Structure formats: C-alpha cells, structure tokens
Amino acid sequence: MSQLNDAQNAPLESRLLTTGVERLALIGRHADVLMQGYTQDEVPLEGLSSNALRKLLAARLLWRPDEHSGVKLTPKMRELIADMVADESRRQVNADVADTLEQIRTQVASYRESSQLGDYWQQEQQLLRLRQTVDDLNGRFADAIDSLWQRLNSDFGFVSRLNDKVRENERAQKQVVRLLDGLALIDFDELIDLVGSDGTLRKLLISQLQQQLSQHFTSLREVQSRLTELMARFRRMQARSRLVSGMAAFLREHPGFTPGNYARRSEVPELCNRAAPLSAAGSAALDHHHDMALLGSLLKNLPSVTHSPEVTAAAGPTVMAESAMVAARQQALKQDVENFYLHVVDSSADEPLSALAYLQASELTWPEEIWLYQVIAEFQGLGQHEQQAFDWQPKESKASPFNDVRLIHDVALRFAGIA
Amino acid sequence: MSEINLARMLSHGPLLERLLAGEFVCAVSDESAFRQLQDDSLREALDAYLRPLNRRLASNDEGSVYFLAWRQVDDAAREQLSRQLNDTVNHLLPLLEWLQLVQEALGRDAVLAPGDVLKPGELQARSEDNPSLRERIERLATDSFFGSQSEQLDAQVKQVFKRLKEHGYLLQPHSDRQVYRVTGKIDYLIDWVRFIRDEEQLPIDTQGEASQETLL
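The listed protein sequences correspond, in order, to chains R and U.
First residue of the first sequence: 0, per numbering that gives the first Met the number 0; consecutive thereafter.
First residue of the second sequence: 0, per numbering that gives the first Met the number 0; consecutive thereafter.
Source of the hints: derived by calculation from the structure; they are not laboratory data.
Owing to the predicted nature of the structure, the values given are computational and were not obtained by experimental measurement.
Note that beta-carbon positions come from the ideal geometry of N, C-alpha and C, so glycine has one too.
There could be a bad hint or two in this list.
[Claimed, not checked] For lysine to any residue, the following SDA-like pairs were computed, each having C-alpha atoms within a straight-line distance of at most 25 Å: (1) U:K161 - R:D390; (2) U:K118 - R:S240; (3) U:K161 - R:M34; (4) U:K157 - R:A415; (5) R:K75 - R:M34; (6) U:K118 - R:M236; (7) U:K164 - R:D390; (8) U:K157 - R:D345; (9) U:K118 - R:K75; (10) U:K157 - R:M34; (11) U:K164 - R:M34; (12) U:K164 - R:K75; (13) U:K157 - R:D390; (14) U:K161 - R:W62; (15) U:K161 - R:E385; (16) U:K164 - R:G416; (17) U:K118 - R:L25; (18) U:K157 - R:K75; (19) U:K161 - R:G27; (20) U:K161 - R:K75; (21) U:K164 - R:Q387.
[Said to hold, decoys possible] Among the chain R residues that face chain U by a calculated CB cut under 7 Å, a handful are: (22) V243; (23) P258; (24) L277; (25) S278; (26) S282.
Using the sequences plus the hints, can you model the full thing?
What follows is the structure, encoded as structure tokens:
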C-alpha cells in the first residue's frame, strides 16, 4: 500500500518541485524590479514583458489591489525582503500562535489516523509537516527576537529623530507584549494530553518545543527590560533638550532676569556650594640636607642664558635707570613691549610678526636697539613653558667672518599656542 | 585609623590637588579617579583630610561629577558664592545657546552629554555654507563670555572651544589634535538650569515645545 502511495505521489511531488524552482528563480531574474517595488509605492512596469508580469502575478510575488491601481509587491514578498535585508523599520514581528496551535492539533490528529490505519507513508508525511510547523513557530519567535535585538543594539538607528525613536520603542514594546501573549497561549498540559504515549511526538512537541520556547521567553523578558531602560534614557534626553531650549528662550525674552541669591539663604542649596579654588603652592627650601643635592642639580640644569653681548652692552643705560623719570620711561617701554606680545598672541596670522615692523607701524618712538633689547628681555623673563608657546625667530648674523659674535638685527614672533 | 587614612591619602595627592584647584572630576576628565571616588570609605577619608581647609567633597544628584564644597558656609564663603552665582547666571545664556547651536549644526538628537566627541573643524565646515549658522557663531563668539575679537570663522570657533576648555566643559585629550570631549561638568550646568527653573518657578514646560511657546 505504501509503495502504491509512493507511486501516486511521485508526479505530484515532482510537479511541486518544478513549479517551486521556477517561481523562486523569478525572484532572482526580476530582483531589480522587485526591489524598486519595495522602495517605491508601485512596481515600475517599463522593462517588464507582459509574459513576465503574468508569471510574477501567478507566483503571487506581485498583485494588483484593484483594476485602476498599479502593480504592487504582495505582503509576503515585502516581508521576505525586509527580513533578508534586516530593514528594521518594515520588518514584521508576528508569531501567529493561535493559528499555529490549531494547525498542530489538526496535524497530530491526521498523524494519529494514519498511524491507526497503518499508512506509514502518510504518517511520515504528516510528521514532516508537523516538524515544519513546529520549526516555523520556533523560527518566527527567533526572527522576531532577532529583529528586536537589532533595533535595540542600534539604539533605533534606522530613524534619526529622537521623537521617532521614542515611537519606535513604544511599537517594539507592544510587539514584545504580543509575543509574550502568544507564548502564554501555548499550554504544555494540553500538548501532553495531545501527544499521549507517542515517543516521537513527545520529543517534538514537548521536550524540544518547551526548551526552545523557554529560551524565547527569557530573551523576550531581557529585550523588554532593555527596551524600558532605553526608553527611560530617550525620555531623559528629550527632557534635557526641552529644558535647554526652554531656558534659552526664557532668558532671551527676559534679558534682565536675576534669580534669587541662593548663597544668602540660611541653608545654601547643595548645588550652589562650590568652594573657591585653592592652589597648593610650594617653593624651594634648603632646610633639608638631602634636598640640597637635588636643588643643586636642578640649578645646574637651568638653561644658560645666551644672548648677544652686543645688545646687552647697547642696552646698558636702560638697565641702569635710577631716577623716577627714567623708571617711568622704563615702565612705558615695558608696557609697549607687553602690548606687542599681546598683539602677537591675539593675531591669528601664520607669519611671525617682526618686532621692528611693529615698532614702525605703531608709531612708537623707541630707538630700535632699546626696543629689541626689551623684547628679548621680556621673552627671557617668561617661564620655560610660556616661552615654548612662542615661535621665536631671531634674525642675526656674525659680526665678521672671523668674529663669532652674533649681531641681532630683528626678532620675529608667532604665537604657537600653549601645549 | 588616621595613619591608615594618611597613608591612603598619599596616592591621592594629584586628585586632591585638582579638586582643590576647583576642578570637576568626572568619568571623562579622570576615569580612574572617578571610579575610586565611588568608594564610600575613600570619600570619607578625603572629607576628613579636607576638614581643616573647611572643604568637603560634593557631587551632583546623579553622582556624575565631583567637586569641593565649603564645609561651613561662613560670611566670606557666602560672599564668594554670591559672586560665583552671579557669574553662573551671566554665563548661562551663551552656554545654552552654544549647546543648541552644536545640536542643530551637527544634526544631533540630544543635548551634548559627557563623553561626546566634538571637532571644531566639523562645526566650522557645517557653518561655512550656512549663513544663518555662521551668523549665530559670530554672535556667540563675540559675546563677552567667549570674547573673540576676530572676524574669521575659524578663529571664532577656536576661541569658543578654548574658552569652553578653560571652563572645564571640554577636554582636549591631545593638545596637538583638534578633538574635544564633553566632560561631566555639562551635567552640572544642566542641573543648574533645572534648579533655577524650579526655584524661580519659571514657566518652562517640560512637557512640550508647543505649550511652552504659549506660556512665554
């Protein structure tokens, strides 16, 4: 009997196989058109022969909602693409459990019947279908959970606005609830009754399914708590944005706004209480014998001051200045040089600024030598750290081929920034 | 006990110095110190150490930044806090406007948060072809808080970042690279905004932009 059935069923099966292969091939052949139909409202018909269109419609890859409308992708096709490219904005999460359970009941009944009739071929077929149904159920949950994780892990990166993210998160949370409701529909007591003493069924419907579903349950709970957490974060971000824009708008509207002086309250609010900065200063001290060696070596390592003796000599009188008037002149010179440094710091020019060019441009009346001396002295008065902030370019030459005394003609400076 | 505390303080010298200098310590500015500060016993030890300096360790509500507060708020402290408060209020609008500007220019979802990475070059590039952004940067940079004297966009942006770094809102991990990270002090600023809104009962609605406009 089973052999007879085999013979009867063989043509049916081979027909199914050929049609399936043919129609699956359609997807590949018309992949471009199908993808255009996915991204647009309708499938563009240019470049599609009427024969090809007929085949696509027959394979239920495309459909025409009504006579006047264009051709569109069928929901199944759209879902398949969304799943394949993990397009989270369009991926469907749907584990229609009630219908599947109904299917399982029917299939178990048919399987039982074939077994009682001794129709092993039919029994095998039913078992195969049953296995596929269980796999589908399992796969739908796995897919749904995968889609939820994808969305979570990308922080809903497929939408850019925060408000959209909040909405997408709400949608995902509803999906989780629906999936959990679906899981709750599966009553293992009922399934135990259904399979009775059949070992194969018991393995498939009880032990295997139970283990898979309990994994899904754990994952869904995890997804749910992560979604809630993420939602709280989104809400905090939203609140922060509103707070900033709200306060900025308020302050613009009320330029003279002054809040109360919280520091005068008997209880100063925690937030306002910020102590004044205190710097821990320290100086070199010679009262510890073992520090002496260290200080000595530090002293030795100080950079030696090297500048042209020529200039030092020339600037002698300014250094010697004693009288009040000379001191005032000295002070004015110092002030002008400081202004020059400030000018260098403020200037965003890439070219170094010449000290002499500045002197001429600013119409100051200092003799060039004195001016240069003060610029150099100011530089050497800076700390090493500050010195490094300037690009220091002296313009100098030897006094003569046989005399290595170096004459400074000018100095150019550029502010390089503080490291 | 006190000897144990002293020994413990030895390894926290640099941290104490930074706190005393008025710095905010957060997970961005000093990750390891911030982690250590999660430890109650260390915070107690630091407090004990700071007692003679009339200071104690404080943090914001979320615990995302640590700084030093006065232990006893005496008259001198009140004086200093009043001045500080005045500065904070004066700096509020330029800082909030900067936050909005960055958010809009870079197309971000949310207000800057600690750990966010900012590149002046990116802000500049986005503003170059956008006259309205450019104008806003100019207005902001020449505000007395940022104090730019330049008319060049790059110098203005540079100055804004420089000032934010000086005020501890931004950190520049490598001095030779124009990449900045937002510090936890931004949380402190936001806390201030929330505090002022609540204390002064300002009509700033947290529920929606639309209802807020009708209130103003």
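Each hint, compared with the structure:
1. Restraint check for K161 of chain U and D390 of chain R: satisfied, since their Cα atoms lie roughly 20 Å apart, inside the 25 Å limit.
2. Between K118 of chain U and S240 of chain R the CA atoms are separated by roughly 21 Å; this keeps the pair inside 25 Å, and the hint holds.
3. Pair hint K161 of chain U plus M34 of chain R does not hold up; C-alpha atoms about 50 Å apart against a cutoff of 25 Å.
4. Restraint check for K157 of chain U and A415 of chain R: satisfied, since their Cα atoms lie roughly 13 Å apart, inside the 25 Å limit.
5. A hinted pair counts as satisfied when its Cα atoms are at most 25 Å apart, and K75 of chain R with M34 of chain R qualifies at roughly 14 Å.
6. Between the alpha carbons of K118 of chain U and M236 of chain R the distance comes to roughly 22 Å, so the proposed pair stays at or under 25 Å and holds.
7. Under the criterion of a C-alpha separation no larger than 25 Å, the hint pairing K164 of chain U with D390 of chain R is consistent with the structure, at around 23 Å.
8. A distance of roughly 12 Å separates the Cα atoms of K157 of chain U and D345 of chain R; the hinted pair therefore holds under the 25 Å criterion.
9. For the hint linking K118 of chain U to K75 of chain R, the alpha-carbon distance of about 46 Å lies beyond 25 Å, and the restraint is violated.
10. The suggested pairing of K157 of chain U with M34 of chain R is violated, with an alpha-carbon distance near 47 Å, which exceeds 25 Å.
11. Taken as a hint, the K164 of chain U and M34 of chain R pair is broken in the structure, with Cα atoms around 50 Å apart against an allowance of 25 Å.
12. The straight-line distance between the Cα atoms of K164 of chain U and K75 of chain R is roughly 55 Å, outside the 25 Å bound, and the hint therefore fails.
13. Proposed proximity of K157 of chain U and D390 of chain R is supported: the alpha carbons are some 19 Å apart, at most 25 Å.
14. For a cut-off of 25 Å, the pair hint linking K161 of chain U to W62 of chain R is broken: about 62 Å separates their Cα positions.
15. In summary, the hint linking K161 of chain U to E385 of chain R is supported, as the alpha carbons are separated by about 17 Å, within the 25 Å threshold.
16. Distance check on the hinted pair: K164 of chain U and G416 of chain R sit about 14 Å apart at the alpha-carbon level, within 25 Å; holds.
17. At roughly 50 Å between alpha-carbon atoms, K118 of chain U and L25 of chain R are farther apart than 25 Å, so this suggested pair is violated.
18. Taking the CA atoms of K157 of chain U and K75 of chain R, the gap is near 55 Å; set against the 25 Å cutoff, the hint is violated.
19. Among the hinted pairs, K161 of chain U with G27 of chain R is inconsistent with the structure: their alpha-carbon atoms are about 58 Å apart, more than 25 Å.
20. Between K161 of chain U and K75 of chain R the alpha-carbon distance is near 57 Å, which puts this suggested pair outside the 25 Å criterion.
21. Between K164 of chain U and Q387 of chain R the alpha-carbon distance is near 20 Å, which keeps this suggested pair within the 25 Å criterion.
22. Interface hint status for V243 of chain R: upheld, as the beta-carbon distance to the closest one in chain U is roughly 5 Å, under 7 Å.
23. Look at P258 of chain R: its Cβ gets to within about 5 Å of chain U, closer than 7 Å, so that hint holds up.
24. The beta carbon of L277 of chain R comes within 5 Å of a beta carbon in chain U, closer than 7 Å, and the hint placing it at the interface holds.
25. With a least beta-carbon distance of about 6 Å to chain U, the hint placing S278 of chain R at the interface is held under the 7 Å criterion.
26. Nearest Cβ of chain U to the Cβ of S282 of chain R: about 16 Å, over the 7 Å cut. The hint is violated.
Hint check: violations occur at hints 3, 9, 10, 11, 12, 14, 17, 18, 19, 20 and 26; the rest are consistent with the structure.
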